[in-house]
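Start from the sequences, fold in the hints, and give me the full structure.
Residues 0 to 55 (numbering that gives the first Met the number 0) are what the sequence shown spells out, left to right.
To be clear, the hints were calculated from the coordinates, so they are not data collected in a lab.
One or more hints might be untrue.
[Stated by the list, open to error] Cut-off 20 Å, straight-line C-alpha distance, at most; resulting in silico cross-link-like pairs (EDC-like, lysine to aspartate or glutamate):
hint	residue 1	residue 2
1	K51	E29
2	K46	E29
3	K49	E29
4	K51	E37
5	K49	E37
6	K50	E37
7	K50	E29
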Amino acid sequence: MASETCGCGDKGHDGCAACGQDDIFGYWCETCKRSVAEKRCPFCGLKAQKKKIAAG
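Okay, here's the thing in C-alpha cells:
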C-alpha cells in the first residue's frame, strides 16, 4: 500500500531492502507481526519486544 509508512520511516513505496529483512531491526511488534526499530511500534503505538538472539 503506497500510503503506508515503511518500518524505517520511508514513505510511498511497498517497502525497502532494509525492511524486507526481519533481522535488521532489534524489536518485534506482536500486534502488527513485524520487525520495528524502536521499543514503541510506529504503526500501532504499542510496546514492542526486544528480539532474542538465537545461539549459533
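(message) Taking the earlier hints as the rules, which of them does this structure contradict?
(response) Result: no hint breaks.
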